[in-house]
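Grab the two chains, each in its own frame, and use the hints to assemble them into the complex.
Spelled out from the first residue to the last, the chains are:
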Amino acid sequence: MRPPTPTTLRQHLLCAGGLLLVVLTAPFPSLQAVVHSALVLTLAPQPGAPLTGALWALAAGWTLELTLRLPPHLGGTAWADLTLVLIAGWTAARWPLDGPKDWLTRLTALTVLHVLLLHWMVRLAAGPHPWGWSWLWTLLSLPLWAWGAWRLLHPAAPTGRR
Amino acid sequence: MPARAARRRWTRAAWRRLALVLLWLGHGAWVLVGPEAGRRWTHTADTLALPAQGAARQWEGWRARRRDDGRSLQDLQAENIRLASDLAALRLREAQEAPRLAEAEEALRVLGLRKLIPLELSAARVLFSTRPAAFGGLILDQGRDHGLVEDQGVLAPEGIVGRIWSVGPTQSKVLPADAPNASVAVMLIRSRATGVLQGLGASRAHIRYVSNQEVVQPGEAVLTSGLDRVFPRGLLVGHVVRVERGELELELTVQLAAPLDRVSTVLLLPPQPPLEAQQPFVQPEQPKPAGRKKGTP
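Chains D and W supply the protein sequences, listed in that same order. Numbered according to my numbering, the first sequence terminates at residue 518, and the numbering increases by one at each position without gaps. Numbered according to my numbering, the second sequence terminates at residue 288, and the numbering increases by one at each position without gaps.
Everything labelled a hint here was simulated from the structure, so no lab data went into it. You may find that some hints are simply not true.
What the hints assert, rightly or not - Computed far set for chain D versus chain W, every beta-carbon distance over 12 Å: (1) Ala372; (2) Gly432; (3) Arg462; (4) Leu496; (5) Trp501; (6) Trp503.
What the hints assert, rightly or not - So the derived label-pair ranges between C-beta atoms look like this: (7) W:Gly25 <-> D:Leu422: 17 to 23 Å; (8) D:Leu422 <-> W:Val12: 21 to 27 Å; (9) D:Thr363 <-> W:Gln49: 47 to 53 Å; (10) W:Leu67 <-> D:Trp493: 56 to 62 Å; (11) W:Trp15 <-> D:His485: 19 to 25 Å; (12) W:Pro26 <-> D:Pro499: 33 to 39 Å; (13) W:Arg0 <-> D:Thr364: 23 to 29 Å; (14) W:Val24 <-> D:Trp493: 30 to 36 Å; (15) D:Leu422 <-> W:Leu67: 44 to 50 Å; (16) D:Thr364 <-> W:Val12: 20 to 26 Å; (17) W:Val12 <-> D:Pro499: 32 to 38 Å.
Glycine included, C-beta positions come from ideal geometry on N, C-alpha and C.
The shape of chain W in the complex, shown without the other chains (with noise of 0.2 Å):
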C-alpha cells in the first residue's frame, strides 16, 4: 500500500509534464479551434474594454475641450487687444476731428441763422478774443479787402455780439455789445419800451432810458430796436436778469444771450441795414387773447 500511495504522489517533475502537456495541448486546440474563437475573445475583450474606452474618450473629449478653451480663449484675448487698439485710434481720431466738427455745427447754425433773416449776410471767423483785456474784443479773419467796414452789426446763432470797432485790410475788431463804451438800441419784448443798452463786462450789460412806469419783469428778452442802424429790429440781445426801480428809470441789468468768450463764427450784417428785417430773428410773445365780452359780435 504505501508503495502505491508513493507511485500515486505527484513529484514536482510530474506537474512540470502536466503543465507542458497542457500548455502544447492547450496551444493546439486554440491553434485548431481557428478564427472563430478569437473573435470570440476579441468581442468578450471588446466588451470588457468598454469602460476603460469610455473612460478614455472621455478624457480625450476633456482635453480637446481644454485646448479648444486655451484657443478660444487666446483668440477673445487677441481680439480684445485689437478692439482696444481700434478704441485708442476711433479716441484719437475723435479729438482730432473735434474742433472740425465744432466748427462745423457752428457754421450749421450760421447758416441757419442766416437763412432766417432776410439780409446779406456774410460770414467770418474769430480769430482771437482780446475781451480779457481793457477795451478788448474779438479779431475776425476778414477786413476792409473783403468790404466790411466799421458799425457792422455782428451776429452770433444765440444773439448779437457787437459792432465792427476798426477795420484793418485783412482783419477787424469787433467791440463786444458787454464792453462798458458799447451802446446797442434796444426794447423790450413785452412793453415795447425802448432803450439804450450799455455794456457792464463779463457778458452783462444794462439798459438806460427805460421809464420807471414801465412793468418789466426778470427773464423778459431784450431784442435789438433798429434806432441805431446797426442792427435791424427784433434781433435777440438778451435776457433781464435784474429790475431795481430808480427815481427816473428803471434799471435793468440783461445778461446777453451770445456766448461771447465761444464764439467762433459769426454772422456780419450789412452797413446801415433797414430797421425792420421781415422775419424777426426772435419772434414777440403773442399776448393772449382776450375773452370775448359778452355782448360783442
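Isolated chain D, as found in the complex (with noise of 0.2 Å):
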C-alpha cells in the first residue's frame, strides 16, 4: 500500500524548518551535515513540482557554504543538491515507494551518491579540499533522519511494524 503524499503547504513548511535547522546547526558541523541531507533527500524532492524541490535544495546547498565552509570558490554544494534532488523527484516519480523499507534503501542510495557528488562537484568549483567525517555521520545517522523524515513526510501511513 503506498503511503499517501504530502500536501504541497506540509512539506514547505518541512523544508522551511529544514533550512532554519542548517542555519542553527551551523555551530556543530557534523550534525549541520546530516540535517542538510536530510533536507536535501527526503524533504526537498517533490515528485510533481521538480522546480519546488530545486529551489529548496538550492537554498540548502548555498545556507549550508555561506554559513560554515569557506572554499575559495562557493557553488559546489549547491550544484550537486541540486542534482541529487532532481534525482531523487525523478526516482520517486518514477518508482513510487511501497514501504518504509524502499525509502530506506533508496535513501541509502541516494546519500552515497550525494555523498560522492558532493566532493566531486566540490572539487570542481574550489580544488581538493580535506573529506572530513561529516559524510560518516550522515551514513551512520541515516536510520535515524530516514525514520524521523519519513514520520513527518507521511504521518498516517504505517511504520512497517506489526
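Right under this line is the structure:
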C-alpha cells in the first residue's frame, strides 16, 4: 500500500524548518551535514514539482556553504544538491514508494550518491579539500533521520512494524 | 498550422523545465568557471559595497568620537570635582594660616624696626586690648619676670604706642599715647618746636605748649623730642591734622601713626633710653638748599 503524498504546504513548512535548522546547527558541522542531507534527500524532493524542490535544495546548499564552509569558490554544494534533488524527484516519480523499507533503501543509495557527488562537485569548484567525517555521521545516522523524515512526511502511513 | 502553433506554444511545465535546466547549467558553469569568476564577483561586490562601508566607517567614527567625548567629559567633571576639593582645602588652609602669616609679617616688621633703632629692644606680644574701657590699655605677655619696669616706651613699626603703665609678674599694661592721662614729649619736624602730647582718645591727641608764633601746617610729622626720657628723640608719633591759633599757643590735633586698635606685636624700649638715638626712626625733612647768592663763594 502506497503512502499518501504529503500536501504541498506541509512539505514547504518542513523544508523551511529544515533550512532553519541548517542555519542554527552551523556551530556543529557534523550535525549540520546530517540536517542538510535530510533536507535535500527527504524533504525537498517533490515528484510533481521539481522546480520547487530544486529551489529548496539550492537554498540548502548555499546556506550550508555560506554559514559554515569557506572554500575559495562556492557553489559546489548547491550544484550537487540540485542534481541530487532532481534525481530523487525523478526516482520518486518513476518508482513510487511502497513502504519504509523502500524508503530506507532508496535513501541509502541516494545518500552515498550525494556524498560522492558533493565532494566531486566541491572539488570541481574549489579544488582538493579534506573530506572530514561528516559523511560518515550522515551515513551512520541515516536510519534515524530517514525514519524521522518518514514520520514527518507520512504521519498516517504504517511504520512497517506489526 | 494550428497544431504546429500549439506544439510551439510553451506550457508552464515547459517553462519550469527550462528554468531547471538553466539553474543546473548555470550552477555547473559557475562551478566549472572556478575561483577566478568568484574573485571578480567578489571584487565587484566589494566595489559596490564601498559606499556602505564608508557610511559604516563614518558611523563607527561618530560613535567612537561620541564615546571619547563622553569619556573626556566625565574626566573633566571628575577633574573639576577634584580641583574644587583641592581649592576648598587650600582656602581652609589659607584661613588657618592667615593669623600666623599676619603675625609673621608683623614680626618681620618689628624685626626691621629693631634693626633700625640701635638700642636694646625687646619684643612683646599684645594679649588683648582694654582701650574701649575707661583708662584702658594694652596687655602685654611680659612682665616683671622678663625685666620690664614702668615707664618703658612701647613702639610699633608705624610709630610709638605708649608707655608701660603698670607691671605684673608675667604681664604688663601699656598706657596708650591717646589716653587722656598719657603725655609724651614731642616736637614738630619742621619748626623743631617742642610740646607735650596729651591723648584725646580714638588715636587722636593734641599738643600743648607750642607758641602761636610757630608756623605749623596740617600733615606735618610729629616726632618724639626725647625730653621725657621715655622715648629717644626722633621716633614718629603721628601727623598734624588740625591747626588752630589760640591766644598764647597753637591748638594742634595729631593723628597717631600707630594703629593702636590693631597692633599685635610691639617693641619695648629700654628704661631711661638715651636722649638721641643714633639712627632716627624717621629722617627729618632736609631743607632745600638755598640758591647761591651772587658774589658768594
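Q) Does the Cβ-Cβ separation between valine 24 of chain W and tryptophan 493 of chain D fall within 30 to 36 Å? A) Taking Cβ atoms as reference, valine 24 of chain W and tryptophan 493 of chain D lie about 32 Å apart, which means the hint holds.
Q: Just tell me: holds or violated, for the beta carbon distance of leucine 422 of chain D and leucine 67 of chain W against 44 to 50 Å?
A: About 48 Å separates the Cβ atoms of leucine 422 of chain D and leucine 67 of chain W, which means 44 to 50 Å holds.
Q: Verify that the Cβ of tryptophan 503 of chain D lies farther than 12 Å from every Cβ atom of chain W, and report whether the claim holds or is violated.
A: holds (30 Å)
Q) Is it true that proline 26 of chain W and proline 499 of chain D lie within 33 to 39 Å of each other by Cβ? A) holds (38 Å)
Q: Decide, holds or violated, for the assertion that all CB atoms of chain W are farther than 12 Å from the CB of alanine 372 of chain D.
A: holds (20 Å)
Q. Lying within 21 to 27 Å: is that true of the beta-carbon distance leucine 422 of chain D to valine 12 of chain W?
A. Hint holds: Cβ distance 25 Å, inside 21 to 27 Å.
Q. Checking the smallest CB distance to chain W, is tryptophan 501 of chain D really beyond 12 Å?
A. The claim holds: tryptophan 501 of chain D sits with its nearest Cβ about 25 Å from chain W, beyond 12 Å.
Q | Assessment of proposed distance window 19 to 25 Å (beta carbons of tryptophan 15 of chain W, histidine 485 of chain D) | A | holds (22 Å)
(Q) Please verify that the nearest CB of chain W lies beyond 12 Å from leucine 496 of chain D's CB. (A) The claim stands: leucine 496 of chain D keeps its Cβ more than 12 Å from every Cβ of chain W (closest is about 28 Å).
Q) Does the claim that glycine 432 of chain D lies outside the interface with chain W hold up, using a Cβ gap greater than 12 Å? A) violated (5 Å)
(Q) Given the hint of 47 to 53 Å, is the C-beta distance from threonine 363 of chain D to glutamine 49 of chain W inside that range or not? (A) holds (51 Å)
Q. Is the gap between the beta carbons of threonine 364 of chain D and valine 12 of chain W within 20 to 26 Å?
A. 23 Å Cβ-Cβ, so the 20 to 26 Å window holds.
Against the hints set out earlier in the document, a violation occurs for number 2 only.
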